[in-house]
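Peer 1: Below, each chain spelled out in residue letters.
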Amino acid sequence: MAAFAFLFRGIGIPALLLAAAACASTTPPAATIRSSALTAPADLQLLCASEAASRFGVPADGVLPTASRPSATGTAFEVEVKLPTGQALCVIDQNGSIQSLART
Amino acid sequence: MSVGPSRRRLLELGLAGLAAGLIGAPAQAQAIYSQIYDAKRKKWIDYDPRRAQQYYAAYGSVPEEFKRQLVPFRTAEKPGTVIIDGDRHFLYLVQPEFQAIRYGIGVGRDGFGWAGIVAIGRMVEWPTWTPPPEMIARDPKSAQWANGMPGGPDNPLGARAMYLYEGGKDTIYRIHGTAEPWSIGLNISSGCIRLNNDDVTDLYSRVAVGAKVVVLMSGAALYRGV
Numbered sequence: 464m465a466a467f468a469f470l471f472r473g474i475g476i477p478a479l480l481l482a483a484a485a486c487a488s489t490t491p492p493a494a495t496i497r498s499s500a501l502t503a504p505a506d507l508q509l510l511c512a513s514e515a516a517s518r519f520g521v522p523a524d525g526v527l528p529t530a531s532r533p534s535a536t537g538t539a540f541e542v543e544v545k546l547p548t549g550q551a552l553c554v555i556d557q558n559g560s561i562q563s564l565a566r567t
Numbered sequence: 285m286s287v288g289p290s291r292r293r294l295l296e297l298g299l300a301g302l303a304a305g306l307i308g309a310p311a312q313a314q315a316i317y318s319q320i321y322d323a324k325r326k327k328w329i330d331y332d333p334r335r336a337q338q339y340y341a342a343y344g345s346v347p348e349e350f351k352r353q354l355v356p357f358r359t360a361e362k363p364g365t366v367i368i369d370g371d372r373h374f375l376y377l378v379q380p381e382f383q384a385i386r387y388g389i390g391v392g393r394d395g396f397g398w399a400g401i402v403a404i405g406r407m408v409e410w411p412t413w414t415p416p417p418e419m420i421a422r423d424p425k426s427a428q429w430a431n432g433m434p435g436g437p438d439n440p441l442g443a444r445a446m447y448l449y450e451g452g453k454d455t456i457y458r459i460h461g462t463a464e465p466w467s468i469g470l471n472i473s474s475g476c477i478r479l480n481n482d483d484v485t486d487l488y489s490r491v492a493v494g495a496k497v498v499v500l501m502s503g504a505a506l507y508r509g510v
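Those sequence lines, one after another, are chains Z and W. The working numbering numbers the first residue of the first sequence as 464 and each following residue consecutively. The working numbering numbers the first residue of the second sequence as 285 and each following residue consecutively.
Everything labelled a hint here was simulated from the structure, so no lab data went into it. There could be a bad hint or two in this list.
[Claimed, not checked] Beyond 12 Å from chain W on every Cβ pair, some chain Z residues (computed): (1) 519; (2) 520; (3) 534; (4) 535; (5) 536; (6) 537; (7) 538; (8) 552; (9) 554; (10) 562; (11) 563; (12) 564; (13) 565; (14) 566; (15) 567.
[Stated by the list, open to error] Dumping the calculated BS3-like pairs for lysine-lysine here, alpha-carbon to alpha-carbon at most 27 Å: (16) W:351 x W:326; (17) Z:545 x W:362; (18) W:453 x Z:545; (19) W:425 x W:362; (20) W:351 x W:324; (21) W:496 x Z:545; (22) W:362 x W:496; (23) W:362 x W:351; (24) W:351 x W:327.
[Stated by the list, open to error] Residues on chain Z that point at chain W, a partial pick, calculated with CB under 7 Å: (25) 500; (26) 506; (27) 518; (28) 524; (29) 559; (30) 560.
Backbone N, C-alpha and C define an ideal beta-carbon position, used for all residues, glycine too.
The shape of chain Z in the complex, shown without the other chains (with noise of 0.2 Å):
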């Protein structure tokens, strides 16, 4: 009881003005901010794209993703590209490898 009485002594009321100033710290939260609905990474729905010209045989700039969501088993994400005709649907992983890429 005594040394916690002394622990308190010692170091109580600077770890409450610690606590205190912390309540009042005027540093922004970190990873505070998240998109309403989540969407592939830009990199990832470029990689598709760029896949994609070079399969159909189109013009790179001619193709663009249009649309992004994970696939259902949440570890990949489809990717919806325009091709100058038709369209195309890609499911790129997180680490880039593309594992299907085909028209629609």
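With chain Z fixed as given, assemble chain W onto it according to the hints.
Peer 2: Below, chain W alone, put in the same frame as chain Z:
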């Protein structure tokens, strides 16, 4: 015959879209927006203009995610290319070695978002702002600047502007600075991409006329040519 508010809104958006050369779904609403975690209530809440202004007033900056930073970026696009992720409110400037400089941005509000492949056609420091006729029609207060608002800290285009062209023609869209730095992370513009003035000045110093600009935004109308 009277035209109801929603019908009038659709017509207005449709006409604005046609004027801007958009195809596809010019009146389609943009559904994705930012959310911020409320630690007191332990839930995610919409990051709207009021909360964005409160955050900026409390911390003197935008959230960390929207600050300029170097990030990994796996792409075959060449360095100097600009990639805009309108859904996540990021602009990437491609760098060598599979990296990019990421900036926080504000994008078009509901019905004003767009996607496409364009290019930087012109670059201006402290640009004059001239509201287009369709903006004057929506906001009569902007009519006082119909002949142009001189560049300066209160100018909506901010410190720098990069004019986006497609097929050699001005799209009417720009990447520019802002007099409202709190607005980064929001769907708030008439289709332009806005950065805070420090970031747009940094971006301006790193890009060149002719740089490719890819704009990604889920479900948005496509700029013609794509």
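Peer 1: So which of the earlier hints does this model not fit?
Peer 2: Of the numbered hints given earlier, those the structure breaks are 19, 27, 30, listed in rising order.
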